[in-house]
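Protein chains in written order, with my numbering: chain A, 166 to 371; chain B, 166 to 371; chain C, 166 to 371; chain D, 166 to 371.
Everything labelled a hint here was simulated from the structure, so no lab data went into it. Misleading hints may appear alongside valid ones.
Same chains, same label: a pair holds when it works inside one copy or across any pair of copies.
[As the list claims (entries may be wrong)] DSS-like mimics (lysine-lysine), calculated; alpha carbons at most 30 Å apart, straight line: (1) K174 <-> K365; (2) K266 <-> K204; (3) K237 <-> K251; (4) K220 <-> K250; (5) K204 <-> K365; (6) K174 <-> K357.
Since the model is a prediction, treat every value here as computed from it, not as a measurement.
Protein chains: 4
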Amino acid sequence: MMIRELKSKEERKFDIIVAAIKLFSRDGFYATRVPDIAKAVGMSAGNIYNYFSSKEDVAKCAIRYCSNVLAKRLRAINEMPVSTKKKIELFVNGYFEEVEKFPELIEFFLRIYLANREIFSKECDNGYECAAEFVEEVQKLLDRGVEEGELEEENFHIAFSMLMGPLGCFAFMRGENVLEKPVGCYASEIAKNIYLALCKSERRDH
Amino acid sequence: MMIRELKSKEERKFDIIVAAIKLFSRDGFYATRVPDIAKAVGMSAGNIYNYFSSKEDVAKCAIRYCSNVLAKRLRAINEMPVSTKKKIELFVNGYFEEVEKFPELIEFFLRIYLANREIFSKECDNGYECAAEFVEEVQKLLDRGVEEGELEEENFHIAFSMLMGPLGCFAFMRGENVLEKPVGCYASEIAKNIYLALCKSERRDH
Amino acid sequence: MMIRELKSKEERKFDIIVAAIKLFSRDGFYATRVPDIAKAVGMSAGNIYNYFSSKEDVAKCAIRYCSNVLAKRLRAINEMPVSTKKKIELFVNGYFEEVEKFPELIEFFLRIYLANREIFSKECDNGYECAAEFVEEVQKLLDRGVEEGELEEENFHIAFSMLMGPLGCFAFMRGENVLEKPVGCYASEIAKNIYLALCKSERRDH
Amino acid sequence: MMIRELKSKEERKFDIIVAAIKLFSRDGFYATRVPDIAKAVGMSAGNIYNYFSSKEDVAKCAIRYCSNVLAKRLRAINEMPVSTKKKIELFVNGYFEEVEKFPELIEFFLRIYLANREIFSKECDNGYECAAEFVEEVQKLLDRGVEEGELEEENFHIAFSMLMGPLGCFAFMRGENVLEKPVGCYASEIAKNIYLALCKSERRDH
DNA sequence: CATGAATGAGGCTTCATTCAT
DNA sequence: AATGAATGAAGCCTCATTCAT
Numbered sequence: 166m167m168i169r170e171l172k173s174k175e176e177r178k179f180d181i182i183v184a185a186i187k188l189f190s191r192d193g194f195y196a197t198r199v200p201d202i203a204k205a206v207g208m209s210a211g212n213i214y215n216y217f218s219s220k221e222d223v224a225k226c227a228i229r230y231c232s233n234v235l236a237k238r239l240r241a242i243n244e245m246p247v248s249t250k251k252k253i254e255l256f257v258n259g260y261f262e263e264v265e266k267f268p269e270l271i272e273f274f275l276r277i278y279l280a281n282r283e284i285f286s287k288e289c290d291n292g293y294e295c296a297a298e299f300v301e302e303v304q305k306l307l308d309r310g311v312e313e314g315e316l317e318e319e320n321f322h323i324a325f326s327m328l329m330g331p332l333g334c335f336a337f338m339r340g341e342n343v344l345e346k347p348v349g350c351y352a353s354e355i356a357k358n359i360y361l362a363l364c365k366s367e368r369r370d371h
Numbered sequence: 166m167m168i169r170e171l172k173s174k175e176e177r178k179f180d181i182i183v184a185a186i187k188l189f190s191r192d193g194f195y196a197t198r199v200p201d202i203a204k205a206v207g208m209s210a211g212n213i214y215n216y217f218s219s220k221e222d223v224a225k226c227a228i229r230y231c232s233n234v235l236a237k238r239l240r241a242i243n244e245m246p247v248s249t250k251k252k253i254e255l256f257v258n259g260y261f262e263e264v265e266k267f268p269e270l271i272e273f274f275l276r277i278y279l280a281n282r283e284i285f286s287k288e289c290d291n292g293y294e295c296a297a298e299f300v301e302e303v304q305k306l307l308d309r310g311v312e313e314g315e316l317e318e319e320n321f322h323i324a325f326s327m328l329m330g331p332l333g334c335f336a337f338m339r340g341e342n343v344l345e346k347p348v349g350c351y352a353s354e355i356a357k358n359i360y361l362a363l364c365k366s367e368r369r370d371h
Numbered sequence: 166m167m168i169r170e171l172k173s174k175e176e177r178k179f180d181i182i183v184a185a186i187k188l189f190s191r192d193g194f195y196a197t198r199v200p201d202i203a204k205a206v207g208m209s210a211g212n213i214y215n216y217f218s219s220k221e222d223v224a225k226c227a228i229r230y231c232s233n234v235l236a237k238r239l240r241a242i243n244e245m246p247v248s249t250k251k252k253i254e255l256f257v258n259g260y261f262e263e264v265e266k267f268p269e270l271i272e273f274f275l276r277i278y279l280a281n282r283e284i285f286s287k288e289c290d291n292g293y294e295c296a297a298e299f300v301e302e303v304q305k306l307l308d309r310g311v312e313e314g315e316l317e318e319e320n321f322h323i324a325f326s327m328l329m330g331p332l333g334c335f336a337f338m339r340g341e342n343v344l345e346k347p348v349g350c351y352a353s354e355i356a357k358n359i360y361l362a363l364c365k366s367e368r369r370d371h
Numbered sequence: 166m167m168i169r170e171l172k173s174k175e176e177r178k179f180d181i182i183v184a185a186i187k188l189f190s191r192d193g194f195y196a197t198r199v200p201d202i203a204k205a206v207g208m209s210a211g212n213i214y215n216y217f218s219s220k221e222d223v224a225k226c227a228i229r230y231c232s233n234v235l236a237k238r239l240r241a242i243n244e245m246p247v248s249t250k251k252k253i254e255l256f257v258n259g260y261f262e263e264v265e266k267f268p269e270l271i272e273f274f275l276r277i278y279l280a281n282r283e284i285f286s287k288e289c290d291n292g293y294e295c296a297a298e299f300v301e302e303v304q305k306l307l308d309r310g311v312e313e314g315e316l317e318e319e320n321f322h323i324a325f326s327m328l329m330g331p332l333g334c335f336a337f338m339r340g341e342n343v344l345e346k347p348v349g350c351y352a353s354e355i356a357k358n359i360y361l362a363l364c365k366s367e368r369r370d371h
């Protein structure tokens, strides 16, 4: 009866996913070898295959996990009884908090999922599908904003790019160590800019 | 007297780079094999190595080429005697034009350079270095805008992310086939939004 | 329950070294391919790399092994309480015995180590270093002979060449199949000649 | 009418051989590439094939050249009306002179010919054949010595190994930079030792 | 004779995955 | 569920040689 027996199969799976996210985000999908992941969780390479069917499978599960984390965060915000302006602020803050807390999560999302299409294309027909849950919440946020008269009515992709583009860009810059301060410091300014880009013209003056 | 004999060594190098950009951007760096590139230019795999020292070398030269193309475009705009608002419009338009004309160029930049850090990290210390020329022009654009009283004075990274984030996001979405219309159709709207995010408050009302 | 499972990792390493010595000595380092070695030990080519980091690594380990075998043999003789004349006889005999028993060992030493300097030069600064243990024993043999008044005092390299030169030459000729008889038959005559070349003049007459 | 036209085809062949001997002896047969040889003689890689049918062909011609040089030297000595003792002295001296003058020649012989059997085995059935001319002269030297009562009657291979073994060993040590002095300094001592090993017993006392 | 771009075969090595224990 | 030796399929790259000019 070994110590590791105390962990359930699900918990071990989760350990593997977390380790994989860290390694993939740092070294890339291809440069990360299965034994590297195994070593990071303290098990043998072969044993990984008792939890996942392949290295790709690990990556796909990791993506789903990342998408969930972000979606959950955004959903909680969406359910709050506050203005869209406030929601955007909360979301940008939450996003950057996540970036500080578990930077590899966002980096993994940016670097591995968005970039290594060849890995995920069989699973996800297009760039949204694997991240569908998350994208849906973004849509809800934007739609509500329009409904309630705060945001300019606009094509979804445009609004999406104005919101997620800068955030992705910032997460990327953080990973490249080109920022002088912790990402959190930029949050409120960015939120303001995003809001200015999206809000109805009559609301811009304060 | 074969046709290819008429091409200079530099031209052949260029052919290889163009072919590589297309393949890398479609299949990723790792899934593209050297013989694939060779076949695309109509030469043998071994011959590639008479032009480049390795597959990585091809990718690095390709990055430099992409950065140059974008930088040149932006430099031309920067030198025009027009308002910053107009410059942003021109740049967004030019960017999307490039995306339509040679979509793989931007995609390559996004997918290979930004994502496969492990390939370029030896060459470029951070995410700007390899693209330095381009980043410099963006800086010029933004600085001039502030000097001339059009743009709000702001941290460079924030402004950079508000400009390039949405553009990158759009190029990415185009590659994922989630857009209903050609990217060009979104250009003026995006340019407007970016300008709204960055401009001085007193200029927002028209 | 396969037979090879009964072997420890060290034993498998040894199997590979022995197989490599045979192949290298027969075909040369370059003409021997890694799969050839693998086939000779009954494993796959890739598996060789679980034991050695490269083909060169195999060769280097093999050299160390050969040097050890010869050094051990000579050390045992050096520790015997007999005259230098007798020691030379014993050494020449032992050398030729080794040549008969495992001809590839000496051949490998002669052909691969002495000849393919480019392989070993990073490891061993000069021709003695990798075989240092062995050379040291030769030195001991000769020094003792001088101390005890049997051998003429002489430059080490000269004495070394008079001893090892003919032995190496003979091992080589054996490999070339130019000898009429087994090498053992020549041993006592060679030992006598070597002794005559090295001994003090007053001892030459019997 | 270019300058190089002044050299005959034979002269160019010779240039190639000399360059090849230097490179082969330093880097080994396999690590020396055809373009390396070409560059050393100042011609293009392809042009080598106007003089030799293959890289192996170059090596074989080089061996024949080396064997000739040594054989010629020894033949001249053999034809001199002097004692065998003197001849051995002259030969050892001449050998070491050659080692000083063109060290690569002997090194090539030792390292490439003796070691890379797989290259020459098709051409030369055994280790003597490619060097036949030279071996023949050695035989003449030794036979004459016996005939004239200077040398002990002995098996040819034994005598050969006592003569050429130490010389080869010395050339090798020189190449490894383990000698303190120029090889020439060791010549007379070595010659004496060799003579002592081979001469009739009644001649040993002076 | 000379050039050097081009070819193509083949080697070394890596690594995801399997499987006997 | 765990191990890690073993497999085998590829991929990158080298280099002798050819050939069009």
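Requested in this report: Enumerate the violated hints, using their earlier numbering and listing them in ascending order.
Outcome: 1, 4, 5 and 6
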